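S.K.: Chains Z and E supply the protein sequences, listed in that same order. According to our numbering, the first sequence is numbered sequentially starting from 1. According to our numbering, the second sequence is numbered sequentially starting from 1.
If you're looking for bench data, these hints aren't it; they were derived computationally from the structure. This one's a predicted model, so the numbers in the text were calculated from it and none came from an experiment. Even for Gly, the Cβ is constructed at its ideal location relative to N, Cα and C.
These stretches of chain E come out as covered by chain Z in the derived footprint (C-beta under 8 Å, 3 or more residues):
{"#": "1", "stretch": "154 to 162"}
{"#": "2", "stretch": "177 to 187"}
{"#": "3", "stretch": "191 to 203"}
{"#": "4", "stretch": "208 to 217"}
What follows is each chain in one-letter form.
There are 2 protein chains.
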Amino acid sequence: MTTPVPYVHGYSENEARRLGDQADTLAELLHADTRYPAGSRVLEAGCGVGAQTVHLVASSPGMHLTSVDISEESLAQARARVRAHSDAHTSARVQWHRADLFDLPFADGSFDHLFVCFVLEHLRYPLKALAALRRVLKPGGTITVIEGDHGSAFFHPDSAHARAAIGHLVRLQAEAGGDSLIGRRLQPLLTEAGYDGVTVRPRTVYADATRPALVEGFTRDTFTAMVAGVGAQALAAGLTTRADWERGIAGLHRTAQAGGTFHYTFFKATAVRP
Amino acid sequence: MTTPVPYVHGYSENEARRLGDQADTLAELLHADTRYPAGSRVLEAGCGVGAQTVHLVASSPGMHLTSVDISEESLAQARARVRAHSDAHTSARVQWHRADLFDLPFADGSFDHLFVCFVLEHLRYPLKALAALRRVLKPGGTITVIEGDHGSAFFHPDSAHARAAIGHLVRLQAEAGGDSLIGRRLQPLLTEAGYDGVTVRPRTVYADATRPALVEGFTRDTFTAMVAGVGAQALAAGLTTRADWERGIAGLHRTAQAGGTFHYTFFKATAVRP
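So here's chain Z without its partners, still in its complex pose (with noise of 0.2 Å):
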């Protein structure tokens, strides 16, 4: 992050509220098998608001987890959700820094494992951090990443409108120097990185009407509400009209409606330094 990309989603409160629906409901799907052992030092790099953080507290109550961002904002609201969500005891135990991915201010192989997710979507140079991150990383220790692939959506009814303003935020997402598509491409980034072991796998989710929690939390809540956020965005970079906008954001809810159906991957890889 010493390339200042803007967050493409903004900092408001709707969008921090946004990113932690969303990770209550992929919490399942993402997180349960990342368990780190008690004792162990654990690096979560580009925390933001703390959305995943909450869990990875949860789910491993024994390690050190050193959690940061380049967002003294996000930080605070980090570390507020985290209290919200924790015992005093556990909260008390996250350490909290304002640091810059590409330059940590960590000795080498201070960390046992590395846990990096939903930031490599936003960096103008993926490929850097993970190298530069590399060198806290202990040899032998794990990095996990997490990533979205938005060309990985797909719907019905289809919609060309729907899919066009999703066109529009991974083109927003592209001109402030990120790359929504990144999914498909963490095992080579992790392996020209300089990692071994690299092992990625999709994380899927899949949502219809017999699955009403993940419509709402999922189609409509998360998926629809982040494309619906950037239309002012594309209104003003005059890649779309308005009527055409709107029929996009309808096509996607329609998704959510009886009959419909949505699909999204992730994809979630762990590797090793040598």
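Following the hints, complete the assembly by docking chain E onto the known chain Z.
M.R.: Relative to the frame of chain Z, chain E by itself:
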């Protein structure tokens, strides 16, 4: 299949081999959790060249399997394939019938279970087919449906030509009356066709350099081979130029080389006749 839809992939020897390779690579992913009890009466509707039949027979050796297809030639190949993959006793137990899915020569409720794999995508009236199949299923019996969805294909490096080539296959199949994006519709289709307890789950193939057998077996020899197989049709239909088509196929092959990744989602549905 009362509506004679040309089978978009053709009936060549190469195509039969492709379907065999595909089934072997995917067998674990798609079929591992399908087991029918000894003595149960199972109908495989649309067995084609028997690519799935051999796995059904291997997984549930005690069932009474009846496999039907509209093509006499495919049935002959299916029978030979099962004979080559099973012992004489097992292969002799399979009943083969040339029949129309919309007009099956079986009494109401003749079967305990129905199995339908890679069939609905080729039908002009998949909803009508599912409703017709329901008649021969006993109340309380199950139907299992497996279909792909070509809209789920994404890959690294991304390639506009490769995406266009896939789009041409989707269009050719649509013009032949089929729907290669049908996976996302299984839940509403089964519900509308009068089944209960509809459960649909994605079955995702993700291949990268760390999984060379999948890269070869799926990315190259299944998916890329399938797209490449409709090149002559795409050119004859004027959908593309030879140069663009070759760029598209080269783009798909590139995803099977070092640093490439490939993602594709099948959908597996189960439901019950009320």
